[in-house]
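**Q** The hints should help you fit chain B onto chain A, whose structure is shown.
There are 2 protein chains.
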Amino acid sequence: MKAQDYPPAMRELIDCLCRLPGTGRRSAERLTLWLLQHGKTDAQNLSAALIRAVEQITACPRCGFYSTGEELCPACADPTRDASLLCVVEQPTDVLPIERSGSFHGLYHCLGGKLSPLDGVMPEQLSIPKLMERVKEQPGCEVILALGSDVEGDATALYLAEQLEKLPCTISRLAQGMPAGAGLSQADSITLLRAIQGRTRI
Amino acid sequence: MKAQDYPPAMRELIDCLCRLPGTGRRSAERLTLWLLQHGKTDAQNLSAALIRAVEQITACPRCGFYSTGEELCPACADPTRDASLLCVVEQPTDVLPIERSGSFHGLYHCLGGKLSPLDGVMPEQLSIPKLMERVKEQPGCEVILALGSDVEGDATALYLAEQLEKLPCTISRLAQGMPAGAGLSQADSITLLRAIQGRTRI
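Protein chains in written order, with our numbering: chain A, 1 to 202; chain B, 1 to 202.
Bound-form chain A, shown alone (with noise of 0.2 Å):
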C-alpha cells in the first residue's frame, strides 16, 4: 500500500469542499490541512452552523426573503413599513443592498429569478402569482419593479407591467441613468443613452 494518498476520512473532505464554487483541488487541500491543523473547534463550529443553517433557513411565506422556519421575515413581520409600497426583486440577496442603501421603508417581493424562455425559466417557475394575489390584496398599492437592467430583467419587468395594469395599483421602476461617483469615460454606450433619454430639470 502506497502512501500517495491522504486517509479516507480527508479525501471525502476535500472532495466535498472542492464542489463549492471557486474552490480547486488544491484549495480543498489547503483548507482541509487548515482545517485539521487549527484543532477541532473551527471544523466542529463549522460543521453545526452547515446544518444549523440549511435547516433554519427558508423562504419567507410571504415575500420569499430569507427567513427562520415558519416565521414571516423582518420586513413583513414589521408593523410599521409601508405596506402600500412593493419592491419586487429578483433575488433574495437583492432585498439586502436595497436596504442597507436606507432609502426603502416598504414591503419586498422576491420572485426566485427572472424569465429566460432559452433557460426554461417561465412566469409559472417564478412567484408571480403570489405577487398578484398581494397587490389585490392591497388595492392602490404601488409596485416598484427592482429588477437587473439586462436583457431577462427588461424582459420580466415588461411581462409584470402587462399583467399588472389589470390591477389597482400603480407601476414604476428604478431609475437608470449613470451610477453614482461614475466619470463618462467609463460609462457605455446603453447606460449613456439611458442617461440621456432620463434626464431631469434642474
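Derived by calculation from the structure, the hints in this document are not laboratory data. Computed from a prediction, not measured in an experiment: that's the story for all the values here. Keep in mind that a hint or two might mislead.
Cβ pair distances, simulated, as ranges [to be verified]:
| # | chain 1 | residue 1 | chain 2 | residue 2 | range |
| --- | --- | --- | --- | --- | --- |
| 1 | A | R19 | B | K166 | 47 to 53 Å |
| 2 | A | K136 | B | R26 | 36 to 42 Å |
| 3 | A | A155 | B | R19 | 37 to 43 Å |
| 4 | B | R26 | A | A155 | 26 to 32 Å |
| 5 | B | P21 | A | L167 | 48 to 54 Å |
| 6 | A | Q37 | B | S149 | 21 to 27 Å |
| 7 | B | S101 | A | L193 | 55 to 61 Å |
| 8 | A | G148 | B | G177 | 53 to 59 Å |
Only pairs whose alpha carbons sit at most 27 Å apart, straight line, appear in this in silico DSS-like list of lysine-lysine [unchecked claim]:
| # | chain 1 | residue 1 | chain 2 | residue 2 |
| --- | --- | --- | --- | --- |
| 9 | B | K40 | A | K130 |
| 10 | A | K40 | B | K130 |
| 11 | B | K136 | B | K166 |
| 12 | A | K40 | B | K40 |
Here chain B is said to cover these stretches of chain A; the calculated rule only asks that three of the stretch's residues, wherever they fall, bring their Cβ under 8 Å from a Cβ of chain B [said to hold, decoys possible]:
| # | stretch |
| --- | --- |
| 13 | 20-26 |
| 14 | 32-38 |
| 15 | 46-57 |
| 16 | 65-73 |
From the three backbone atoms N, C-alpha and C, an ideal C-beta is built for every residue, glycine too.
**A** Just chain B now, kept in the frame of chain A:
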C-alpha cells in the same frame, strides 16, 4: 426591525466560513448563498465530512504522517518498504510529493516543523527524540534529511546532522541545484551557486 442582514443561522455560517484561510466576508456570503440554494445535500455532506475528518484523522504513532484512528499510516504498515531508509520531512504534507514522485520506497519521519528559535520552536517542540529512537532501533540505516532549503530548514538539518552523528547511521540530504524544466535566466543566485558547487561529472 430591519432586514439589513441575514437571519442569525446564516450569519453564523458566514462567520464560520470567514475564519477559513483566504475567505473574506464576500466569499463567505457567496458560499453560504450557494449552499442554501443547492439543496440540503451538499451542506449536510460537508458537515458530516468535517466531523469525520477531525474525529478520525490522527498522526501515525510511528512517523507522524496522516493516519486513521490508532492505525499505522500506509507507509509504516507496509512490510515491503525498506526500513533502512528513513526520510525526515518537516510536515506530513511533505510526504505526498515524495510518494507521488515514485522515487522513494523507504519510511518517513515527520518532525512537525523546523527549528525557529525566534518563533519559539526549539528542538523539544519537534519530534526529534522519537527520530533518535527510531534510528537507534535500526542500526546502519540511512537518514535522508528532506527539509526545505530555507534558513530554518538548513539550521534544522545542521542540528539533526550533529545529533545523528553519534548514532550508527549514515546521513544524507536532498541534492540542491537547478529545478527540472527551469532556464538559467529564471534561477536565483543562491540556486545557481549551489548548482555550480554541486556540479556532477557527465
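**Q** All hints are to be evaluated individually against the structure, with a verdict given for each.
**A** Here's how the hints hold up against the structure:
Roughly 52 Å separates the CB atoms of A:R19 and B:K166, a value that falls within the hinted 47 to 53 Å. The beta-carbon spacing between A:K136 and B:R26, approximately 39 Å, falls within the hinted interval of 36 to 42 Å. Taking the beta carbon of each, A:A155 and B:R19 are about 41 Å apart, inside 37 to 43 Å as hinted. At roughly 29 Å, the beta carbons of B:R26 and A:A155 sit within the given window of 26 to 32 Å.
Distance hint check: the CB atoms of B:P21 and A:L167 are about 52 Å apart, consistent with the given range 48 to 54 Å. Checked against the given bound of 21 to 27 Å, the beta carbons of A:Q37 and B:S149, roughly 23 Å apart, stay inside it. Taken as a hint, the range 55 to 61 Å holds for the pair B:S101 and A:L193, whose Cβ atoms sit roughly 60 Å apart. Hint check: A:G148 to B:G177, Cβ distance near 56 Å, so the stated range 53 to 59 Å holds.
For the suggested pair B:K40 and A:K130, the alpha carbons sit about 25 Å apart, so the restraint of at most 27 Å is met. At roughly 25 Å between alpha-carbon atoms, A:K40 and B:K130 fall within 27 Å of each other, so this suggested pair holds. Distance hint between B:K136 and B:K166 is fulfilled; the C-alpha atoms sit about 10 Å from each other, no more than 27 Å. Taking the CA atoms of A:K40 and B:K40, the gap is near 23 Å; set against the 27 Å cutoff, the hint holds.
Note: the stretch 20-26 of chain A has 3 residues with beta-carbon separation from chain B under 8 Å; the three-residue rule is met and the coverage holds. With a threshold of 8 Å between beta carbons, the proposed coverage of the stretch 32-38 of chain A by chain B holds, since 5 of its residues qualify and at least three are required. Counting residues of the stretch 46-57 of chain A whose beta-carbon sits less than 8 Å from any beta-carbon of chain B gives 12, enough to reach three: the coverage restraint holds. Taking a C-beta to C-beta cut-off of 8 Å, the stretch 65-73 of chain A contributes 5 residues in contact with chain B, enough for the three needed, and the coverage statement holds.
In summary, this structure violates none of the numbered hints.
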